[in-house]
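J.: From just these sequences and the hints, can you work out the full model?
4 protein chains.
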Amino acid sequence: MALMTGAEYIESLRKLNTKVYMFGERIENWVDHPMIRPSINCVAATYDAAADAAESGLMIATSNLTGHKINRFSNIHMSTDDLCKKVKMQRMLGQKTASCFQRCVGMDSFNAVYSTTFEIDEKYGTDYHERFKKFLIMVQDNDLTVDGAMTDPKGDRSKSPSQQANPDVFVHVKEVREDGIVVRGAKAHQTGSVNSHWHIFMPTIAMKPEDKDFALCFACPSDADGLFMVYGRQSCDTRKLEEGADIDLGNKQFGGQEALVILDDVFIPNEYIFMNGETEFAGMLVERFAGYHRQSYGGCKVGVGDVIIGAAALAAEYNGCEKASAVKDKLVEMTHLNETMYCCGIACSADGHATKAGNYEINLLEANVCKQNVTRFPYEIARLAEDIAGGLMVTMPSEKDFKSDLVVGKNGETLGEFCTSLLGTKPEVDTMDRMRILRFLENICLGSSAVGYRTESLHGAGSPQAQRIMIARQGNMEGKQKLAKKIAGIEDK
Amino acid sequence: MALMTGAEYIESLRKLNTKVYMFGERIENWVDHPMIRPSINCVAATYDAAADAAESGLMIATSNLTGHKINRFSNIHMSTDDLCKKVKMQRMLGQKTASCFQRCVGMDSFNAVYSTTFEIDEKYGTDYHERFKKFLIMVQDNDLTVDGAMTDPKGDRSKSPSQQANPDVFVHVKEVREDGIVVRGAKAHQTGSVNSHWHIFMPTIAMKPEDKDFALCFACPSDADGLFMVYGRQSCDTRKLEEGADIDLGNKQFGGQEALVILDDVFIPNEYIFMNGETEFAGMLVERFAGYHRQSYGGCKVGVGDVIIGAAALAAEYNGCEKASAVKDKLVEMTHLNETMYCCGIACSADGHATKAGNYEINLLEANVCKQNVTRFPYEIARLAEDIAGGLMVTMPSEKDFKSDLVVGKNGETLGEFCTSLLGTKPEVDTMDRMRILRFLENICLGSSAVGYRTESLHGAGSPQAQRIMIARQGNMEGKQKLAKKIAGIEDK
Amino acid sequence: MALMTGAEYIESLRKLNTKVYMFGERIENWVDHPMIRPSINCVAATYDAAADAAESGLMIATSNLTGHKINRFSNIHMSTDDLCKKVKMQRMLGQKTASCFQRCVGMDSFNAVYSTTFEIDEKYGTDYHERFKKFLIMVQDNDLTVDGAMTDPKGDRSKSPSQQANPDVFVHVKEVREDGIVVRGAKAHQTGSVNSHWHIFMPTIAMKPEDKDFALCFACPSDADGLFMVYGRQSCDTRKLEEGADIDLGNKQFGGQEALVILDDVFIPNEYIFMNGETEFAGMLVERFAGYHRQSYGGCKVGVGDVIIGAAALAAEYNGCEKASAVKDKLVEMTHLNETMYCCGIACSADGHATKAGNYEINLLEANVCKQNVTRFPYEIARLAEDIAGGLMVTMPSEKDFKSDLVVGKNGETLGEFCTSLLGTKPEVDTMDRMRILRFLENICLGSSAVGYRTESLHGAGSPQAQRIMIARQGNMEGKQKLAKKIAGIEDK
Amino acid sequence: MALMTGAEYIESLRKLNTKVYMFGERIENWVDHPMIRPSINCVAATYDAAADAAESGLMIATSNLTGHKINRFSNIHMSTDDLCKKVKMQRMLGQKTASCFQRCVGMDSFNAVYSTTFEIDEKYGTDYHERFKKFLIMVQDNDLTVDGAMTDPKGDRSKSPSQQANPDVFVHVKEVREDGIVVRGAKAHQTGSVNSHWHIFMPTIAMKPEDKDFALCFACPSDADGLFMVYGRQSCDTRKLEEGADIDLGNKQFGGQEALVILDDVFIPNEYIFMNGETEFAGMLVERFAGYHRQSYGGCKVGVGDVIIGAAALAAEYNGCEKASAVKDKLVEMTHLNETMYCCGIACSADGHATKAGNYEINLLEANVCKQNVTRFPYEIARLAEDIAGGLMVTMPSEKDFKSDLVVGKNGETLGEFCTSLLGTKPEVDTMDRMRILRFLENICLGSSAVGYRTESLHGAGSPQAQRIMIARQGNMEGKQKLAKKIAGIEDK
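Protein chains in written order, with this note's numbering: chain A, 1 to 493; chain B, 1 to 493; chain C, 1 to 493; chain D, 1 to 493.
It is worth saying that the hints were derived from the structure and are not from the lab. Small disclaimer: the values here were computed from a predicted structure and weren't measured. Mixed in with the good hints there might be a few duds.
Below, computed lysine-lysine pairings styled on BS3-like, alpha-carbon distance capped at 25 Å [unchecked claim]:
no., chain 1, residue 1, chain 2, residue 2
1, D, Lys323, A, Lys159
2, D, Lys426, A, Lys482
3, A, Lys252, A, Lys403
4, D, Lys208, C, Lys426
5, A, Lys323, C, Lys323
6, A, Lys323, B, Lys159
7, A, Lys426, B, Lys208
T.: So this is what it looks like as structure tokens:
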């Protein structure tokens with residue numbers, strides 16, 4: 001079976017009966033909706049890159065299940081080299097889209113479910129691992145995009161799933177049938193949900209025996225009966241609806257996507273169920289998925305950072321201040337922070353190890369350290385970008401003003417001429433190029449891409465505190481205390 | 001003459017023939033334009049507060065020129081107590097509006113022009129100071145809002161005004177007449193320009209003799225012939241145009257404003273000219289205006305910070321995680337950073353001193369230190385607010401989804417019911433209140449208020465590097481070296 | 001009665017029978033001990049400055065009790081101007097000594113005990129306030145140095161005073177007699193204890209009824225029967241014992257002092273007891289003393305910072321890299337951080353208020369914010385100083401090597417000649433001056449002064465977490481939540 | 001030939017006629033000198049570890065030149081796995097010694113000289129590479145420690161080597177003979193110089209044709225005629241001379257070493273010359289050595305960090321505050337920062353590549369990013385350690401006080417009993433253990449180990465600005481600008 005191109009991927013979405021709501025209405029032709037399409041283009045870029053000679057080295061992998069050539073986004077990582085290539089692929093795609101390309105959650109769920117099902121089977125004699133492999137071969141051979149759906153709305157954070165007033169705030173089994181189960185609930189902030197062919201649902205936290213009904217993992221087509229999405233609003237989302245919008249969008253072609261996915265009594269056949277009530281494995285699955293996904297941020301956001309650094313350098317050049325030592329030093333700092341995140345992404349990959357199932361897992365401590373840095377550095381990179389860009393980034397006239405031929409001057413100048421002339425800097429710089437780069441930075445720092453670059457960096461793959469808990473757990477404090485005792489001459493009792 | 005109320009102020013704007021362009025068109029009724037009105041409400045708050053018994057102690061001052069009761073925004077500061085009260089007033093208004101109330105630039109220009117004209121006259125025997133006092137009495141007695149306009153578009157940053165390819169990138173004298181001058185050019189990112197009755201134009205940098213035509217300070221009505229504004233686009237600006245918008249706005253009532261002000265051969269009568277060619281005083285005027293304005297940020301942004309901290313605390317409470325030590329610690333950190341900025345605002349005021357003209361100037365070093373902190377801490381405060389808010393801040397459905405009665409569920413549930421139920425947290429919390437506070441934080445961190453809270457904190461009153469230059473200049477390094485030599489036993493040659 | 005000079009102060013110490021232990025021995029002539037003397041010189045500087053015409057404006061105050069001219073270190077602050085002058089005096093003395101001059105703890109205890117005794121009396125009809133005023137007049141008129149002793153050793157931090165296995169880890173009443181009490185226990189890390197004429201002992205934490213015996217405040221002469229000190233070791237302390245030491249000391253004349261003060265059944269007559277069992281006032285006294293003392297750090301450490309910045313600038317100049325933009329920028333950053341701390345010191349003073357007793361208390365929130373910054377910025381200032389100084393600061397030969405006339409070269413060069421020649425930079429710089437400034441910085445960053453500049457900045461007047469607790473308590477979170485609700489349109493129930 | 005044990009290594013030093021000066025005198029038996037011995041023990045640990053079964057996997061490598069088993073410290077890295085193992089070995093030794101074990105500079109010089117000589121030969125037809133391999137085989141087979149000496153004293157930083165008033169501030173050829181050269185000059189802050197069998201001297205900066213005499217690389221026995229060292233003083237160095245010192249040392253067994261190495265007309269035979277006048281290769285050698293050495297810091301300082309974190313955790317436990325959330329959070333932060341450095345060390349290794357000579361070089365950008373982080377994070381880790389330790393770390397009595405049996409109490413208690421009892425915390429904690437851990441932390445934060453952990457982290461392998469220059473150079477800004485142009489829709493001209 002051949003890998004899809006970006007165009008084929010987009011066509012494949014049209015065949016689905018995915019149900020999407022936005023602004024209180026159902027969106028019928030969501031594939032061509034101007035607010036949604038940039039996010040589809042982003043996923044399409046993961047297909048096109050696989051067909052690109054220069055990038056296929058990173059993009060194409062060989063399935064450990066079938067030996068087929070597959071898109072790396074559906075690969076099971078079988079070595080530390082695979083793990084490193086994953087990060088490099090993500091950086092490359094971040095550089096191309098300056099956005100979230102959404103397909104990582106699926107890849108990360110495949111690898112986490114692969115090893116976890118193996119260990120559940122080992123304990124309980126279940127056949128989840130085989131089921132999952134069968135499902136995955138279908139995904140690989142059809143080159144599908146899958147949403148790895150983890151985060152439940154969670155209701156009252158001080159209560160466990162089974163203690164919630166409203167059980168629907170965690171996905172759960174509503175009914176057990178011979179041939180499958182009926183599930184109910186929702187997953188919040190699902191990246192790329194609408195653009196996925198399938199979903200894999202996973203639990204969102206470690207669970208105790210009383211939360212048995214919530215310890216669930218299963219796959220489901222995105223257009224299953226009872227499954228629908230409510231599209232999340234983002235900063236500046238409706239700019240994309242403005243007629244003729246180009247410059248003001250900052251990034252016309254690409255963008256991210258977040259949705260609330262609702263499961264309204266959806267039937268899941270047994271063959272797609274990969275965990276059902278084995279509560280003690282919920283934490284393992286969460287930890288592994290989160291680990292892989294925290295590694296991911298050491299690639300994708302670094303790629304976006306590369307574009308931001310380049311844009312800031314251009315903005316300085318257009319202004320005529322690219323030689324100022326303060327500007328150069330800020331670009332160095334941005335680069336330093338960006339590469340520090342990348343180092344963490346690479347390190348947790350190079351320090352990976354084989355699971356019982358044979359696939360490779362990242363170094364958990366380092367992956368959490370990676371993501372913890374990603375909750376901080378993009379904010380500082382964005383601040384420095386805003387610094388270099390200058391205030392015009394947020395005060396400049398609209399694209400329509402620059403293009404207006406309304407006569408407003410005493411000597412017959414148009415509004416567009418005034419704007420272009422007054423906000424020009426030097427003869428060799430086209431004012432419109434300057435505006436383009438400033439609007440790009442506005443989009444990254446405050447606009448819809450800011451959701452992806454900043455807030456998603458903070459909360460995606462788990463909020464900062466989640467990583468700190470893992471760092472505490474993985475830090476081997478007892479071992480460190482022993483080292484200190486030895487040096488200080490304290491007997492270790 | 002009585003002080004205006006907010007309502008009277010708004011009515012007074014209708015009487016002006018201010019020319020405003022936006023999206024390539026002239027906006028006729030800009031006073032009621034939904035994108036502009038919140039910024040007008042903000043200025044109106046400075047009038048209403050003066051009429052409020054609880055706040056008039058901060059808001060009302062006594063003119064040193066007339067003895068009349070005036071709004072502090074048109075006051076000449078005559079003591080360190082005045083300087084401190086200014087900052088406290090700004091914090092209080094920031095708390096009320098969570099926005100930029102725009103009237104500070106005028107107040108700060110009054111105080112800078114007041115002392116600088118005195119010193120120009122002292123050297124050149126001109127009568128700028130008297131002219132200015134006459135103008136100011138008019139402003140005080142009519143309780144006017146004035147835009148203190150400093151920042152020229154500046155063209156190529158590596159060239160001086162007289163070296164620019166296009167002279168219009170700095171405001172300059174185009175023609176000298178017996179009764180006045182004709183000026184041309186523009187001022188970029190003018191805060192509250194549209195909402196001001198008058199403008200005071202000032203030079204934007206220190207100048208050399210060859211830049212004589214650019215060393216200009218003058219006042220001008222906002223609706224003068226040849227003067228017009230192009231409204232700057234901001235993040236999420238058009239959300240305000242959405243029908244029925246309320247929750248999604250985050251801050252429905254208030255907002256900021258930035259515009260490009262264009263002077264298309266505007267005639268300025270002699271009586272409104274306060275500097276004309278005295279190049280060596282351009283730097284003094286810039287330094288003083290910037291100094292006062294850098295003090296201002298130690299008040300207004302702190303007030304906004306208070307609201308953000310409160311909002312983050314509410315978001316945590318609505319989530320059920322207000323007792324988590326990590327959350328509490330983040331709130332402490334936000335408070336600490338916020339109060340540090342305030343301390344700098346207060347300190348530069350308490351350490352103020354009388355100018356030759358008799359009015360009080362802030363401590364320049366401390367005012368620059370104040371603003372330097374404001375270029376950093378709001379970014380961290382916003383990051384921590386996003387952290388506490390959680391990802392839902394940027395992924396949640398629109399207000400219209402929450403209010404939709406479209407039936408979408410198998411059991412007849414509406415889209416609104418699904419959203420409300422699934423994103424609820426605990427019985428005592430109204431889901432809509434939770435959404436309100438998250439949308440407020442979205443607006444502050446990424447939306448139109450982010451322009452005011454983040455980017456304006458960075459670049460308003462001068463970009464970070466401008467403060468560093470002043471800190472270097474004011475730091476008395478030679479004195480510090482002497483101290484070190486004495487302690488280290490080095491002879492001071 | 002006349003104020004003492006520094007020399008008179010030093011003589012006055014000889015008359016005391018203070019018992020000091022160090023390295024396991026009693027030090028008889030501690031006044032002339034080379035390890036102790038620099039700390040005495042520091043206190044002496046507070047006397048000499050009062051006699052210095054240029055500084056007496058800051059140093060001399062008028063007693064609110066007697067109208068006498070007194071050293072500000074024994075003053076009760078009666079206005080915000082007094083509070084500001086206190087901070088300015090501390091900065092000036094920090095600039096002169098680059099060390100801790102130790103006399104602040106006394107001053108801060110006077111002001112805290114003054115207002116707290118007034119309020120205890122108000123509630124209980126006791127006469128503590130009158131007793132204390134009588135004591136203070138004696139201190140003022142004799143120009144004494146007093147150690148304000150607060151910090152008990154505290155034993156197990158998870159237990160209260162009355163729960164400790166060893167009651168002596170908190171100062172307590174061992175026996176009540178008609179004419180006074182016998183007290184037992186200790187105070188750890190007492191700054192300037194040895195150099196003080198008297199001590200005021202205060203409780204170290206808020207207490208509950210069961211801790212009655214520990215809720216104690218009293219004054220005691222430093223050479224009382226049963227009171228003795230154990231001198232704390234500090235980094236590089238014994239360098240001061242090296243024969244002929246000068247350059248290697250970094251700061252030959254001045255230094256700090258920390259000691260463990262032990263109360264071995266000391267009798268305290270009733271007239272010197274200012275609290276005895278009024279547990280609910282222990283917290284107030286702690287909070288007030290800590291507040292004043294946290295303000296102090298916004299003065300003294302800033303003065304030391306001034307010297308460090310000057311020294312770093314000199315080091316750069318001696319190296320020939322004073323024009324490098326990276327070096328200049330680091331000096332700006334150091335200045336910025338240093339002045340930020342000062343701003344906090346000034347702000348909490350200018351925002352002070354009268355207590356019930358009539359003396360002025362600083363703004364508690366701002367004083368805690370001040371100290372919190374002092375737990376961070378000196379570390380970064382020191383790091384930047386080390387950066388500018390270069391590695392030679394910690395690798396260079398000893399003073400004895402530079403001065404050695406041992407012939408070691410093939411051409412008869414001495415060891416001193418080699419060192420001087422090879423570590424010279426340019427003809428106009430004396431290599432010994434370069435070494436002096438580097439040793440000064442070594443002393444500040446790593447040597448005995450590092451204890452005062454770094455660790456004392458961290459823990460003095462309470463460790464960072466103590467300030468965070470106060471910031472949380474003083475931050476008025478409820479008020480901030482109300483502000484947020486109002487803006488966001490949430491009904492305040 | 002067998003690898004040496006630590007004991008054999010120490011004996012081998014006795015056979016050398018190394019000339020060491022300290023405090024103005026020559027130290028004859030420097031091997032047993034208490035101030036020097038801890039640094040020798042540290043190097044010895046690199047020998048002992050090779051003999052340790054558990055560690056030999058990291059310690060032993062196979063020579064690419066001879067196939068012999070060698071200590072990794074003399075290995076030429078032939079793969080990314082070798083590069084990663086180097087970092088892991090360094091972390092392990094940092095954990096064991098909490099000090100600088102000094103042998104890395106040699107290893108890093110071997111790898112830099114290996115590839116650079118290959119490329120010089122390629123251009124000039126010289127035989128430096130063969131000479132060097134011969135030398136290296138001797139080093140490997142005799143298991144020698146070699147000082148890689150790079151940093152010249154540098155004189156006036158604004159002048160090049162040939163412009164200096166005193167040519168000796170850069171090592172240079174003084175005389176050319178048929179069989180070799182006579183060199184003169186010095187190397188400052190040489191880590192482990194005294195403890196090395198041989199030295200490799202390298203140039204310290206990129207050079208221009210006029211600096212031909214300074215573009216020199218050669219090997220030389222440590223006891224060559226005319227070569228001598230002046231031992232650098234460090235914080236608390238003489239504590240090691242105190243009789244019976246144990247606890248007060250903090251780290252009794254191990255320590256670092258810095259010396260000034262002087263070349264007083266030393267003759268170098270041709271076979272040991274590896275560069276002589278090929279100025280355009282000076283920069284390459286510096287860059288490569290610095291690159292390898294910046295990688296090293298991502299290992300060794302992380303190992304020390306592990307001990308510090310463990311010590312802080314113990315201090316908290318001894319205090320009874322190990323469960324406080326603020327304490328736990330600080331330990332997490334320390335771990336996070338420490339692991340971030342490690343990630344950078346691993347990443348630049350895993351991303352390494354083969355040089356023309358065939359050995360592996362680290363990724364230069366990432367190695368510089370690694371070191372840049374090491375100039376920051378250890379300072380924050382140390383600050384947090386001081387925070388957790390509490391003030392007692394710098395105020396506590398000396399070891400001699402704790403051990404004193406001088407009777408000082410009314411009831412016959414000794415000084416030691418008072419100290420032990422009052423500074424105890426809970427029954428299960430031996431007060432002496434508490435003191436040990438605090439003295440260890442004092443030593444790391446302020447004492448002689450602080451030189452190694454803090455200042456060496458700042459300046460070792462190049463000061464921060466050196467890394468920033470490399471980051472700017474390696475950051476591919478043009479490529480990043482192209483990415484931004486593409487996304488923003490700007491034509492790339």
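J.: Now tell me if each hint is right for this structure.
T.: We went through each hint and held it up to the structure:
1. Taking the CA atoms of Lys323 of chain D and Lys159 of chain A, the gap is about 23 Å. The hint holds against a cut of 25 Å.
2. Distance hint between Lys426 of chain D and Lys482 of chain A is fulfilled; the C-alpha atoms sit about 20 Å from each other, no more than 25 Å.
3. Under the criterion of a C-alpha separation no larger than 25 Å, the hint pairing Lys252 of chain A with Lys403 of chain A is consistent with the structure, at around 17 Å.
4. Between Lys208 of chain D and Lys426 of chain C the CA atoms are separated by roughly 21 Å; this keeps the pair inside 25 Å, and the hint holds.
5. For the suggested pair Lys323 of chain A and Lys323 of chain C, the alpha carbons sit about 16 Å apart, so the restraint of at most 25 Å is met.
6. Among the hinted pairs, Lys323 of chain A with Lys159 of chain B is consistent with the structure: their alpha-carbon atoms are about 13 Å apart, no more than 25 Å.
7. Distance restraint check for Lys426 of chain A and Lys208 of chain B: the Cα-Cα separation of roughly 21 Å lies within the 25 Å cut-off, and the hinted pair is therefore satisfied.
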